[in-house]
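**Student:** Below, each chain spelled out in residue letters.
There are 2 protein chains.
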Amino acid sequence: MTRFELLKELTYVNQTKIVLLVIDGLGGLPREPGGLTELEAAHTPNMDALAAKSICGLLDPITPGITPGSGPSHLALFGYDPLRYEIGRGVLEALGIGFPLEKDDLAARGNFCTVDENGLVTDRRAGRIPTSLNEKLCEELAQIELPGVKIFIRPVKEYRFMLVFRGKGLSEKLSETDPQRVGLAPLPVEPLAPEAEETARLVNTLVEKAKEILASHHPANMVLLRGFSKDPCLPKMQEVYKLKPAAIATYPMYRGVAKLVGMDLLDTGDKFTDEISTLESHWQEYDFFYVHVKKTDSYGEDGNFDARVALIEEIDQHIPRILALEPDVFIITGDHSTPSVLRSHSWHPVPVLLYSRYVRPDGLDRFGERACAQGSIGRMPAVNLMTMALAYALRLNKYGA
Amino acid sequence: MTRFELLKELTYVNQTKIVLLVIDGLGGLPREPGGLTELEAAHTPNMDALAAKSICGLLDPITPGITPGSGPSHLALFGYDPLRYEIGRGVLEALGIGFPLEKDDLAARGNFCTVDENGLVTDRRAGRIPTSLNEKLCEELAQIELPGVKIFIRPVKEYRFMLVFRGKGLSEKLSETDPQRVGLAPLPVEPLAPEAEETARLVNTLVEKAKEILASHHPANMVLLRGFSKDPCLPKMQEVYKLKPAAIATYPMYRGVAKLVGMDLLDTGDKFTDEISTLESHWQEYDFFYVHVKKTDSYGEDGNFDARVALIEEIDQHIPRILALEPDVFIITGDHSTPSVLRSHSWHPVPVLLYSRYVRPDGLDRFGERACAQGSIGRMPAVNLMTMALAYALRLNKYGA
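In order, the protein sequences belong to chains A and B. So the first sequence is numbered by my numbering: it starts at 1370 and just counts up by one. So the second sequence is numbered by my numbering: it starts at 1370 and just counts up by one.
No lab work stands behind these hints, which were simulated from the structure alone. Do not take every clue at face value.
[As the list claims (entries may be wrong)] The calculated lysine-lysine pairs, modelled on BS3-like cross-linking and capped at a C-alpha distance of 27 Å, are: (1) A:Lys-1542 / B:Lys-1767; (2) B:Lys-1767 / A:Lys-1599; (3) A:Lys-1542 / B:Lys-1628; (4) B:Lys-1605 / B:Lys-1578; (5) B:Lys-1377 / B:Lys-1767; (6) B:Lys-1767 / A:Lys-1526; (7) A:Lys-1472 / A:Lys-1422.
[Stated by the list, open to error] Beta-carbon label-pair distances, calculated as ranges: (8) A:Glu-1566 / B:Lys-1472: 38 to 44 Å; (9) B:Trp-1652 / A:Glu-1670: 41 to 47 Å; (10) B:Glu-1374 / A:Pro-1601: 39 to 45 Å; (11) A:Gly-1517 / B:Asp-1633: 53 to 59 Å; (12) A:Lys-1519 / B:Tyr-1381: 53 to 59 Å; (13) A:Arg-1712 / B:Glu-1374: 56 to 62 Å; (14) B:Ile-1435 / A:Glu-1670: 53 to 59 Å.
Quick reminder that beta carbons are idealized off the backbone N, C-alpha and C, glycines included.
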């Protein structure tokens, strides 16, 4: 029996509420030998006090040693086996900007990029052009027409846009055009299966037309396409967990994955205090809230240890507002680690805290990676977390007689 | 997606080096209630200091409660699911003595044994005859000829020899002749599948001829055969991990399993100091070194607590030589436990220490079973260890976007 088959059988509706606070890239590393991680260095009296009353542990997003992208790591937190359910980047981009993707649509993630007079890529992100310019360029590209398909090109952020083809018989089995390094020419799309030949021709024609239109728009004078994908039709949290779930997140990617598992996307502001205000104002409407903080990850990728510490401290100040809502289950964790010393996502396990009136409190004196290593959750795959959340929210029946 | 499919996709070549030190049967038990295990009793200042800077934990070779043989426990350490990949004992013996096994060869492990006038086994190991006598007996047995196959009989050590049949259509689906207890007669080989009938007949004929030849050689007057097997054609570490691996081990069995997963076998001496000298002199040539110490296991099987303690202390003295090479990842563990109070392999989880500059050090004050139980690796299947080694050696790309 799969986890979902089991949960579909065992879950029932209750009045309890669950808050899953995901501090993106939360896990860190000491800046210097013998030092503290970002989370350990941060002054977090509220999270520390909560840790004492909670159960704690370390989560492996996928399996020990595997560094996840944001898609699989979030699927795991939402209880979806990340090695079984895969979502293409194109689909995530489309859902993230609220594009009404239809079942047979083919989506891709686009970058505006810069090519030189020989057609070689000199900047894969076109100097990170502002979103406003991106919007104008997408309008220009909207004039492209191809036989038999509708084309949607929408700005995402800075140099990134979404491309969607709508038509019959489109295949996602396509290679990417991004050469992944500067100094190389964009690659033509190749069909990865016989049934994708016609789709590959369509995409290549679109890229040629886009190149003509963008020729005069240096530095955004070319496009790169990747992550060709269609809606993977994941089971929804409503069906599997019998929850009414909502997402409070600002970045498209995370809104995208949340929508894919059935969450309502709530409008919110850029700061954590705005997100908590959104949580407060929608508290009566839902019973599961996914609250996402992005910048802890971004600062990690920038190598900015101090900014990570400062943001964690800012988050900590608002924890009492969440507790004041009296959630039945309150989880604080990350989707993966993004240690500033590595400037990238990493494989290190992620600290987690689960608070409920039904825990046997670990009594740890703080919330940190090494404190959590002493917690009673132990070290486990992140995909187990949702089942635990449902259990502590008294939403699971007994298995077997 | 299987672990190997995932790793084939994610691994890349780097300049980093990994040392996996396997102290055979490392895990132990207290000699008396309230006492210390062999590892805890040993004075190991170097390993203790290293543990403080490392992450530690307990590994289950197979799954909790399962006592492994050396084959499966080593496969697990090398990252091969030991319940999926099986190697017959015969194949291990053949590879261990450097016999050039071919793809369709059928190998078996042989024992010289003693039978009485009624043909009942009185000593399954023929009084542990010296290897020199074994060699002479194997020469005598070499006169056996059977139609349609070539036969290779080679001494291994003491009472043990290797038997290989080379021919067409040989099957490994055969029962064993070793009755496992004295007082019983050797069993005839039975085919375990219809296609093995002819092979069973061949083997039984060989056993009859061997019995005739050995009749006058008491105490080595009969043979027992087991572990009929063919090359399982395991994926090689080079393909799966993109590593250039070498094995530093003295016992045939361990050299055999190392070769099976693609390692080069380095010539070395009997003592740990010799093995480390070998490591030093080949340091530039490889990026993965498996270093094996056998006698900790042998002393455990002998029930010799003190000899285990002394050998662990001897190993500890050479740890600084390994550290002086500055491996990027240095792991110390065992393949299983061999507590001297049990005089056999056991199911107890095995202490492990992983050192790298990218760990969040656990800060434990010593390397021992109960200290490791407090470490952040937690308790996990040994098969995860290689993935972690690759991660800490910065040899894995991100999974998913």
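**Student:** Are the hints correct? Go through all of them and say.
**Tutor:** Checked hints:
1. Of the pairs offered as hints, the one joining A:Lys-1542 and B:Lys-1767 holds, with about 21 Å between alpha carbons and a cut-off of 27 Å not exceeded.
2. Using a Cα cut-off of 27 Å, the hinted pair B:Lys-1767 and A:Lys-1599 holds, with the two alpha carbons roughly 22 Å apart.
3. Of the pairs offered as hints, the one joining A:Lys-1542 and B:Lys-1628 is violated, with about 38 Å between alpha carbons and a cut-off of 27 Å exceeded.
4. With a CA separation close to 38 Å, the supplied pair B:Lys-1605 and B:Lys-1578 exceeds the 27 Å bound.
5. Simply put, B:Lys-1377 and B:Lys-1767 have alpha-carbon atoms about 12 Å apart, close enough for the 27 Å limit, and the pair holds.
6. With a C-alpha separation of about 23 Å, the suggested pairing of B:Lys-1767 with A:Lys-1526 holds against the 27 Å cut-off.
7. Annotation: proposed proximity of A:Lys-1472 to A:Lys-1422 is violated, straight-line Cα distance about 45 Å (limit 27 Å).
8. Hint check: A:Glu-1566 to B:Lys-1472, Cβ distance near 39 Å, so the stated range 38 to 44 Å holds.
9. With their beta carbons about 34 Å apart, B:Trp-1652 and A:Glu-1670 fall outside the hinted range of 41 to 47 Å.
10. Hint check: B:Glu-1374 to A:Pro-1601, Cβ distance near 19 Å, so the stated range 39 to 45 Å is violated.
11. Checked against the hint of 53 to 59 Å, the pair A:Gly-1517 and B:Asp-1633 passes, with Cβ atoms roughly 57 Å apart.
12. Look at A:Lys-1519 against B:Tyr-1381: about 40 Å separates their beta carbons, and that is not inside 53 to 59 Å.
13. Taking the beta carbon of each, A:Arg-1712 and B:Glu-1374 are about 28 Å apart, not inside 56 to 62 Å as hinted.
14. Range check, B:Ile-1435 to A:Glu-1670: about 42 Å between beta-carbon atoms, so the 53 to 59 Å window is missed.
The structure is inconsistent with the numbered hints 3, 4, 7, 9, 10, 12, 13, 14, although it conforms to all the rest.
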